[in-house]
Amino acid sequence: MAEEASSDSTRWSVIVQLHNGMPNDGWSWFIRRYTGYVNAVLRNAGLRSEDATTAAEEFWSYLYSSRAVERADPHCRFRSFLSGIVRNYAKSWRREHKRNGSVDAADGTLEAVHDVRDEVDIELWAAQVLHLGLARLARSHANDERVLRLFYGLPAEVGGDSQPPLRATEIANRLGATPNTVYQMLFRARHRLRQCIEKEIATTVDNSPDLVDERRLLLGAVVRTRPGLLDVDDGRP
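In terms of the working numbering, the sequence shown is numbered consecutively and its last residue is 237.
I should point out that these hints are in silico values taken from the structure, not numbers from a laboratory.
Source: prediction; values computed, not measured.
Positions of the beta carbon are idealized from the N, C-alpha and C atoms, including for glycine.
Among the hints, erroneous ones may be present.
Said to hold, decoys possible - Computed spacing ranges between beta-carbons, pair by pair:
id, residue 1, residue 2, range
1, Asn-180, Gln-17, 15 to 23 Å
2, Leu-211, Ser-92, 28 to 36 Å
3, Gly-228, Asn-180, 15 to 23 Å
4, His-191, His-75, 40 to 48 Å
5, Gly-160, Asp-118, 34 to 42 Å
6, Arg-32, Glu-70, 17 to 25 Å
7, Glu-58, Leu-211, 30 to 38 Å
8, Gln-184, Asn-207, 35 to 43 Å
9, Ser-92, Asp-213, 46 to 54 Å
10, Gln-184, Gly-84, 37 to 45 Å
All chains, full assembly: derive it from the sequences and hints.
Shown next as structure tokens:
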């Protein structure tokens, strides 16, 4: 299943095929798109860094063997579906490994695995759609994506560390362009990125009223966590 061929499908239309047809292609696509998000949620769920890494490696086998995707409600938001599965997996993973002694029961950071709070959940998913939006932008306008990453110091993965942002003059030197050209590119790139993010959000929600609310929540989170990154001159969040 090529990334380009599936990028405009709804997530549910892909999910229902993960145990049918050509599951290897489907699962490879699913893992490739959501590994960063799963890792970020596990790190936010109270697991130590090394435990989160191990849990993340085991998650996809768990998800496939549990066949949880077959029991999912396609009328719910895809964000709620995936984040709920990962949070519950984090709890069960810690309980199991605490029993067999591979998790340090005396470690105060592991006294409880907390649910990801609603606002944190939204911010993590906003980081995910930003990541996918940037990937979509890179497929059509690679220089736009590169300029945005450099100017805003965007992380390479969901939940990753931000990079030191570069000034327009520094980016211009890298590109062999003028600072004014870089500013023009940034203006276009912000607008195009917003469109790419909106397309990604639309693939995760089938219901129109839910889509309006999801767009408001996630675009608002991107604007809040990455000031200046999106074009907001049209009055929307």
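These are the hints, each one checked on the structure:
1. Asn-180 <-> Gln-17: 15 to 23 Å: violated, 48 Å
2. Leu-211 <-> Ser-92: 28 to 36 Å: holds, 32 Å
3. Gly-228 <-> Asn-180: 15 to 23 Å: holds, 18 Å
4. His-191 <-> His-75: 40 to 48 Å: Given range 40 to 48 Å: violated, Cβ gap about 32 Å.
5. Gly-160 <-> Asp-118: 34 to 42 Å: Once the Cβ atoms are compared, 22 Å apart, the range 34 to 42 Å for Asp-118 and Gly-160 is violated.
6. Arg-32 <-> Glu-70: 17 to 25 Å: Holds: the Cβ-Cβ distance is about 21 Å, inside 17 to 25 Å.
7. Glu-58 <-> Leu-211: 30 to 38 Å: Holds - the Cβ-Cβ distance for Glu-58 and Leu-211, about 33 Å, lies within 30 to 38 Å.
8. Gln-184 <-> Asn-207: 35 to 43 Å: Because 38 Å falls inside the window, the suggested range holds.
9. Ser-92 <-> Asp-213: 46 to 54 Å: violated, 30 Å
10. Gln-184 <-> Gly-84: 37 to 45 Å: holds, 43 Å
Hints 1, 4, 5, 9, counting from the list given before, are not met by this structure.
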